Amino acid sequence: MRQAGKYSGFMMCGGIAGRTGPHSLPLARIKKIMKKSGEDVKMISGEAPIVFSKACELFIEELTRRSWATTLQGKRRTLHKDDVASAIVATDIFDFLVSMVSETASHSEDGTVPEEEETVGSS
Amino acid sequence: MVREQDQYMPIANVIRIMRRILPPHAKISDDAKETVQECVSEYISFITGEANERCQREQRKTVTAEDVLWAMSKLGFDNYIEPLSLFLSKYREAEGTERSSSLFAKCERGDGGMVEYAPVLGHYGPPGFGLAAQQPGMYKAGAMSGYYIGGAGGSGNEGGGAGSSSASQQRQGQSAMGGGFDPFAQFK
Numbered sequence: 001m002r003q004a005g006k007y008s009g010f011m012m013c014g015g016i017a018g019r020t021g022p023h024s025l026p027l028a029r030i031k032k033i034m035k036k037s038g039e040d041v042k043m044i045s046g047e048a049p050i051v052f053s054k055a056c057e058l059f060i061e062e063l064t065r066r067s068w069a070t071t072l073q074g075k076r077r078t079l080h081k082d083d084v085a086s087a088i089v090a091t092d093i094f095d096f097l098v099s100m101v102s103e104t105a106s107h108s109e110d111g112t113v114p115e116e117e118e119t120v121g122s123s
Numbered sequence: 001m002v003r004e005q006d007q008y009m010p011i012a013n014v015i016r017i018m019r020r021i022l023p024p025h026a027k028i029s030d031d032a033k034e035t036v037q038e039c040v041s042e043y044i045s046f047i048t049g050e051a052n053e054r055c056q057r058e059q060r061k062t063v064t065a066e067d068v069l070w071a072m073s074k075l076g077f078d079n080y081i082e083p084l085s086l087f088l089s090k091y092r093e094a095e096g097t098e099r100s101s102s103l104f105a106k107c108e109r110g111d112g113g114m115v116e117y118a119p120v121l122g123h124y125g126p127p128g129f130g131l132a133a134q135q136p137g138m139y140k141a142g143a144m145s146g147y148y149i150g151g152a153g154g155s156g157n158e159g160g161g162a163g164s165s166s167a168s169q170q171r172q173g174q175s176a177m178g179g180g181f182d183p184f185a186q187f188k
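Heads up: the sequence lines are chains A and B, in that order.
The opening position of the first sequence corresponds to residue 1 in our numbering, with each subsequent residue numbered one higher.
The opening position of the second sequence corresponds to residue 1 in our numbering, with each subsequent residue numbered one higher.
Please keep in mind that the hints were generated in silico from the structure rather than gathered at the bench.
This one's a predicted model, so the numbers in the text were calculated from it and none came from an experiment.
Incorrect hints may appear among the rest.
Computed spacing ranges between beta-carbons, pair by pair [unchecked claim]:
1) B:Gly96 with A:Thr91: 36 to 42 Å
2) A:Ser45 with B:Asp30: 34 to 40 Å
3) A:Ala28 with B:Arg20: 19 to 25 Å
4) A:Gln73 with B:Glu53: 33 to 39 Å
5) A:Lys42 with B:Ser89: 24 to 30 Å
6) A:Ser102 with B:Ile81: 28 to 34 Å
7) B:Arg60 with A:Asp95: 25 to 31 Å
8) B:Glu58 with A:Ala90: 32 to 38 Å
Glycine residues also receive a C-beta, built at the ideal position from the N, C-alpha and C atoms.
Sequences and hints are given; from them, build the entire structure.
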């Protein structure tokens, strides 16, 4: 079991972890997703996943912000998939995501909210 | 429903970032978490696709950070460009200082405590940490010669120093270490 230290996280190199911060998104995973985006994606510079690690944070933050605005409009405290869908539909630059949220039928509230689980560790 | 997790960002990371935005009392449903997780992967693919097309048009093989930034701007994520450019330039600056100091080169474990050792071989790792025991190969006898470690001169902490017969009996298989110094003593 690795000893958790000051630099624990995906990048164990002391220098880089200090710059991108611990708990940044895993670069290898980002690179894998980039490669899968097309048959013809050949080589990816070392910096491209690093830019994405930060960009994805900004993206998640923006999507969350917009989704939560919908939650508040509905006077609720639980952010549901429908709120994310509303945010996507209402935001032009999120058009590319519309197909992802239009497939499933509207989520119906059954009154029970699953207990949020914090999964331990990040790869 | 089984989701193949390796095509997504780890959900714990996604949740952590969402939580930065949300008030403390907010709850997030499981399907919302999964949806955001899927959206992130879609975002990466979307931007990369555009960046890659540009590379192909310009007959380049490697998708660079600049290509990614260009694609983001083209696809409407202009707000991100400034913070990302700043982030990238800080990263490049940091990389530049690191390369000039071999102390940080090619490390597998970071523990910050390496400063006291001379960066002779481009890798570091003080034996005093628990992780060292996992990779004894890193500390081959010959490799030790370049390191100054307090006691390498045969000081008294090994209870004998060079030439002591009792010390060398204890150091079976470590004769190359000389001086009775054994960085792994604490792991025995």
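Cross-check of the supplied hints:
no., hint, in the structure
1, B:Gly96 with A:Thr91: 36 to 42 Å, "holds, 37 Å"
2, A:Ser45 with B:Asp30: 34 to 40 Å, "holds, 36 Å"
3, A:Ala28 with B:Arg20: 19 to 25 Å, "holds, 23 Å"
4, A:Gln73 with B:Glu53: 33 to 39 Å, "holds, 38 Å"
5, A:Lys42 with B:Ser89: 24 to 30 Å, "holds, 26 Å"
6, A:Ser102 with B:Ile81: 28 to 34 Å, "holds, 29 Å"
7, B:Arg60 with A:Asp95: 25 to 31 Å, "holds, 28 Å"
8, B:Glu58 with A:Ala90: 32 to 38 Å, "holds, 35 Å"
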